[in-house]
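If you're matching positions, the sequence shown starts at 1 in the numbering used here and goes up one per residue.
Keep in mind that a hint or two might mislead.
[To be verified] In silico DSS-like pairs for lysine-lysine, Cα to Cα no more than 27 Å straight-line: (1) K402 with K234; (2) K387 with K412; (3) K283 with K308; (4) K256 with K402; (5) K393 with K412; (6) K252 with K520; (7) K233 with K387; (8) K320 with K233.
Keep in mind the hints are simulated off the structure, nothing from the lab.
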Amino acid sequence: QIMSQVEGQQKNLVQAIEALPGSGPLSALDQDLLLLKATSAATLSCLGECLTLLQQSMHQVGQQHSRTLSAEGILGWPGTKSHSTEQLKNGALSSLSSASANITWAIVPCAAQDGQALQPNTEHSASELILVEDEVTDTEDNEEEDLGVMDDQRSVILHLISQLKLGMDLTRVVLPTFILEKRSLLEMYANFMAHPDLFLSIAAGATPEERIICFVEYYLTAFHEGRKGAVAKKPYNPIIGETFHCSWDVPKDKVKAFRTNGAATASKDPAKEFVQDQAACYKLRFVAEQVSHHPPVSCFYCECKEKKMCVNAHVWTKSKFMGMSIGVSMVGEGVLYLMEHEEEYVFTLPSAYARSILTIPWVELGGKVNISCARTGYSATVTFHTKPFYGGKVHRVTAEVKHNPTNTIVCKAQGEWNGTLEFTYSNGETRVIDTHKLPVIRKKIRPIAKQGPLESRHLWQHVTNSLKEGNIDAATEHKHRLEERQRAEERQRVALTTPWKPKYFAKEGDGWLYLNPLWKAH
1 QIMSQVEGQQ
11 KNLVQAIEAL
21 PGSGPLSALD
31 QDLLLLKATS
41 AATLSCLGEC
51 LTLLQQSMHQ
61 VGQQHSRTLS
71 AEGILGWPGT
81 KSHSTEQLKN
91 GALSSLSSAS
101 ANITWAIVPC
111 AAQDGQALQP
121 NTEHSASELI
131 LVEDEVTDTE
141 DNEEEDLGVM
151 DDQRSVILHL
161 ISQLKLGMDL
171 TRVVLPTFIL
181 EKRSLLEMYA
191 NFMAHPDLFL
201 SIAAGATPEE
211 RIICFVEYYL
221 TAFHEGRKGA
231 VAKKPYNPII
241 GETFHCSWDV
251 PKDKVKAFRT
261 NGAATASKDP
271 AKEFVQDQAA
281 CYKLRFVAEQ
291 VSHHPPVSCF
301 YCECKEKKMC
311 VNAHVWTKSK
321 FMGMSIGVSM
331 VGEGVLYLME
341 HEEEYVFTLP
351 SAYARSILTI
361 PWVELGGKVN
371 ISCARTGYSA
381 TVTFHTKPFY
391 GGKVHRVTAE
401 VKHNPTNTIV
411 CKAQGEWNGT
421 LEFTYSNGET
431 RVIDTHKLPV
441 IRKKIRPIAK
451 QGPLESRHLW
461 QHVTNSLKEG
471 NIDAATEHKH
481 RLEERQRAEE
491 RQRVALTTPW
501 KPKYFAKEGD
511 GWLYLNPLWK
521 AH
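Throw the hints in and build the complete structure from the sequences for me.
Now the structure itself:
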């Protein structure tokens with residue numbers, strides 16, 4: 001009863017605040033009032049969760065004692081239905097028109113190049129004119145300015161927060177343009193390959209034990225380059241049919257067997273990036289595609305023909321509102337294929353969290369990740385630790401590699417995924433990898449002029465250029481056009497009942513597979 005009374009009071013409070021004028025000494029967009037609205041909704045939601053937990057535990061106790069209490073006898077609390085969340089559910093999220101931050105909230109993520117319709121897959125061959133000779137070394141740096149959130153932007157975020165419910169799925173809620181990073185999510189996945197020499201070294205391991213340890217070493221060093229800059233910004237949501245292609249030339253002398261590749265991790269100056277004669281290099285090729293819009297699923301495939309190895313992955317990014325932070329789970333898995341050894345390593349990805357979204361947002365990774373090879377019986381558990389509320393270190397990661405048939409731990413690792421990592425092997429040896437000192441091999445990518453209309457950089461070029469110039473209004477306008485186009489295409493497909501057919505990947509069971517993988521040719 002008290003809960004429903006409080007809910008009524010909170011609803012009146014929200015309506016009273018929203019009834020205030022848009023400007024003046026006491027406006028509906030007053031920061032303190034917006035914060036009050038957001039906090040009261042979050043508190044009520046939290047109390048509701050607590051009540052449910054108490055009721056569940058009472059129910060369990062009751063069942064154990066007399067088994068007379070029926071589930072129907074418990075009053076459930078339906079959760080807050082504030083005026084603003086109802087509005088959000090109905091998709092009528094009001095646009096916020098304050099002069100300082102004129103941003104319209106669209107409810108669905110992003111779409112195709114101005115004036116170009118998204119075409120369903122026609123009979124293009126998978127190699128559709130992606131000419132490697134057109135690729136040039138990428139000059140983009142992924143650094144983002146670490147400015148934190150401006151005052152006028154904070155009121156926009158507060159307004160958005162005040163309309164969200166704890167635990168709510170953010171997939172259909174588009175975030176304001178100023179928190180966007182200047183690259184697509186598909187390109188971010190490519191940046192996880194910034195140390196391709198470590199990736200190719202996996203196949204050089206002499207024994208199954210060495211190979212899985214090499215994989216864990218590569219895996220732990222993959223995230224720091226994909227998440228550059230201290231401030232948490234969000235990559236563009238790829239639109240359906242969007243693709244990203246790139247490659248790396250990896251000097252053959254940098255790809256060494258396990259334990260001898262210590263040289264590659266010595267105190268190299270990261271600025272000295274590898275530039276090599278192509279004949280002395282392995283070629284690693286990468287393609288990513290957005291294969292589904294709801295749910296948002298991205299696929300990527302990467303191969304090195306000479307090393308007879310490739311990786312295929314599909315990821316559904318599921319975002320959730322958690323009060324002062326946003327959680328993104330990466331649902332799905334990847335498989336690394338080593339054809340020479342006939343081994344397949346199945347791996348998952350950690351969750352990411354954007355913390356302190358009202359001040360200077362920062363990213364941390366969290367959760368348990370598994371890597372396993374059924375054929376060899378080796379597996380690894382990697383745990384990304386989130387920072388405790390009080391004290392404690394940030395970005396901590398620990399890992400353990402195990403031989404399951406004998407239940408032996410063959411390697412342990414600890415450190416920071418974006419700092420120093422220390423590996424201890426079963427023979428007592430240790431090795432330290434400093435991710436800041438690892439040399440970066442820059443990817444090669446075709447200039448925008450030679451890219452197709454649905455390739456990430458070509459597609460998002462106007463949004464990116466506007467963000468670089470600091471013109472948020474223009475960026476919002478270009479982004480809005482892409483989103484509108486995508487919605488129109490979606491409506492057309494529904495009307496014609498023609499499902500979207502991806503160009504490079506096909507659905508298989510719960511996952512997606514590259515159409516022309518190396519193991520088929522092999």
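| Keeping to a limit of 27 Å between CA atoms, is the pair of K387 and K412 held or broken? | Cα-Cα ~21 Å, so holds.
| field | Given pair status - K387, K233, alpha carbons within 27 Å | value | Given that 27 Å is the threshold and the Cα spacing comes to 19 Å, the pair holds.
| field | Pair hint outcome, K402 versus K234 [Cα-Cα no greater than 27 Å] | value | Roughly 35 Å separates the two Cα atoms, so the pair is violated.
| field | Given pair status - K233, K320, alpha carbons within 27 Å | value | Judged against 27 Å, a Cα distance of about 16 Å means the pair holds.
| request: Could you grab the alpha-carbon distance between K256 and K402 and see if it respects the 27 Å cut-off? | output: 23 Å, holds
| message | Can you confirm whether the C-alpha distance between K283 and K308 stays at or below 27 Å? | response | 11 Å, holds
| Holds or violated: are the alpha carbons of K252 and K520 at most 27 Å from each other? | Judged against 27 Å, a Cα distance of about 25 Å means the pair holds.
| query | CA of K393 to CA of K412, is that 27 Å or under? | reply | OK: K393 and K412 at ~19 Å, within 27 Å.
Hint compliance for this structure: hint 1 is the single one not met.
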